[in-house]
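Construct all of the structure, not just a fragment, from the sequences and the given hints.
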Amino acid sequence: MIITNKNWRNTFETVTGKSHVKIKMPNQDAALSKTISDEILITAVADGHGSKRCFRSHLGANYAVESAVTILEEIQDRLFKDGALNLKAFGKFYTKQIVKLWRDKVDADLKEHPLEENIIEDNDKKSIKKNPYIVYGSTLLIVILVKDFIVCYQLGDGDILFISKSKKVSKPIKRDERHIANDTSSLCLLKPEKEFKIKVFRDLKHVLKMIIISTDGYSNSFSSEHDFMKVGSDLIEIALEDGFEVIDENLKEWIEETSNLGSGDDTSVSVLMRIEEESMA
Amino acid sequence: MKMRPGGELATRPLEFIWLADCSISMKTSGKIDALNDAIRKSIPFMREVAYENPNAQVYVRAIKFSSGAAWHIESRTPVESFEWSDLVVDGVTDLGAALLMLKEALKVSEMSERALPPVVVLISDGQPTDDYKTALASLMEEPWAVKAVKIAIAIGKSANKRILKEFCGDNGIDVLSADNAETLVEYIKWVSTVVLQAASSPASQAEQANTMGINVSIPVIDDDDDLLETISVEDVW
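Line by line, the protein sequences are chains A and B.
End of the first sequence sits at 281 in this note's numbering; the numbers just go up one at a time, nothing left out.
End of the second sequence sits at 1237 in this note's numbering; the numbers just go up one at a time, nothing left out.
It cannot be assumed that every hint is accurate.
[Claimed, not checked] Sample of chain B residues facing chain A (criterion: CB under 7 Å; computed from the structure):
(1) 1004
(2) 1007
(3) 1010
(4) 1013
(5) 1055
(6) 1107
(7) 1110
(8) 1117
(9) 1140
(10) 1169
(11) 1203
(12) 1206
The hints are simulated quantities; they were obtained by calculation from the structure and are not laboratory data.
Bear in mind the structure is a predicted one, so any value in this text is a computation, not a measurement.
Backbone N, C-alpha and C fix where the C-beta goes; we use that ideal spot for every residue, glycine too.
This is the structure:
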C-alpha cells in the first residue's frame, strides 16, 4: 500500500523470519506509516527482541510504532515556532512522550493479561518482577518528513539509509558500537528516552531522493555492509526506471527472500521516495 | 518479480571455540582419550544442529594449552567440514596463555559485526600454572569476550572449579563437573547441541537488562539418572 503526502510516497512491509515461522512464533517486528498532513509524513519500524524473556515483544513492537505516530499527531501544532522548526518539540519532548505512551500501553496490557509466573524462567523472574517492561522490549526507528526537514530517530539496532540524487547511499546515524552479538538499546530500559539518537537535516535543495529504514534482520542478511548499502542504489534505480509502484508490489517478496537466505530474522523495511523525482522519470 | 535489491546474501557467522587442557595430567586415567573421543562423537550432533539452523553458519576452532598455548584448529572451519585430530598431552597448565590467544581471536577487528554471540568451551583438569588472572582480565576487555557464551567443564576432582567459574563469570553458567568418561561425553554433547542451538537464535537482548551476564538463554542441563547407573568405580576420575 502506498502512502503519500505532498512531497513523498511511502511503502512498507514486515515479514516473519524463518526462525520464528519454524517455532510458530509471531512476527516480533512492526512497521507503520501515516500521513499526518500535506506537509508531514511519518514512518516507523520496530524490532521486538523475541528472546524467551521478551515473550510479548511482538506487542511491544506494535505499541512502539503506534506510539510514535499517535504522539506526532498530538503534537503536530507545536512542531513549528515562529516559522522555525521547534527543536524542543522534536527532541526529548517527543521521545519522552513516546516512552510514556508505550509504557501506558504495556501497563494496560499487563492489567488485562497479568504475567503468569509459570511461563517465566527462574533466572528471569527477579529482573521481570523489577522491570516488567522487559517482556515487551523493542527497538524503534522513526523518520519524520516535515516541510524541508527530515528528522531521524533511532533507539537500538537497525538502519536508516539516505540515497541522494546521484545515487550515493549514506547512513545519517552511524552504527552504535555497543550493539554487537544481538545486544541493543531498547524501550524497556530504565530511561530509554536518553538512548534515542536524533538527527535533524534541512533539505532545501532536495538533494535527498530516497530514505529507507529497516530492522536489523535486513542488514544482518547481507554478507557485508557494502552489499547492504547496495539496496539503496538498486531501489532508486528501480523506482526511476519502473516507477515506485514496482517497489510497492515487490517489497514483501524481496525482504522475505532476503531474510530466508540471510539472517532468518523478522524483517521490516519502509521506503520513502520524493515525488518530484518519480514524475521526472 | 523484479530482481531483489542489494548485494550478496549470507547467513550469520557463529564461532564455536574449544579451549582444551593438554597438560600431562590429562593422560592420567585416560582423560585426554576420553576428551578426544567425546569431541569426535559430538561432531554429527553439531552438524545436525547446524543443519536445523540454516541461518547461522557455524565455524569451529580449537586452542590447546599446556606449556604455553597454540592453535589446534586455527582456521575458521565450517562445521560441515570439521574433523577432530587427537590432542596430545605435554607440559603444564598455562591457561593464561590460552586466554590471551582467545583474546586475539575475539578482537573486534577479527569478528564480523553480524556475528552471533560466540560459544567458548573451556575444558581443564587442573590448576593454572601461569598468571591466568591478568590474562582473564585482559580477555574481558574485549566486547566479544564479554558477550560470548562461556562454558567450563572440569574434568576429575583435581580441577580448580573456582578458577573455571571465574572464566564463566559470576552470573554465568555453573561449571560442569565430569567425573568419568560418560559424563564428559554427555556434557560435550550438551554444549555442542543445546548451547549451540541457543546461540544460533537471532533473538535480541536489551543491553542493560541482562540478568545472567550473557545474552543467550541456555536451557538447564538435563539430569540423566540412567547415566549414573552405567558408571563403575574404576571409571571415576
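Structure-based check of all given hints:
no., hint, in the structure
1, 1004, "holds, 5 Å"
2, 1007, "holds, 3 Å"
3, 1010, "holds, 4 Å"
4, 1013, "violated, 10 Å"
5, 1055, "holds, 3 Å"
6, 1107, "violated, 12 Å"
7, 1110, "violated, 12 Å"
8, 1117, "holds, 4 Å"
9, 1140, "violated, 14 Å"
10, 1169, "violated, 14 Å"
11, 1203, "holds, 4 Å"
12, 1206, "holds, 4 Å"
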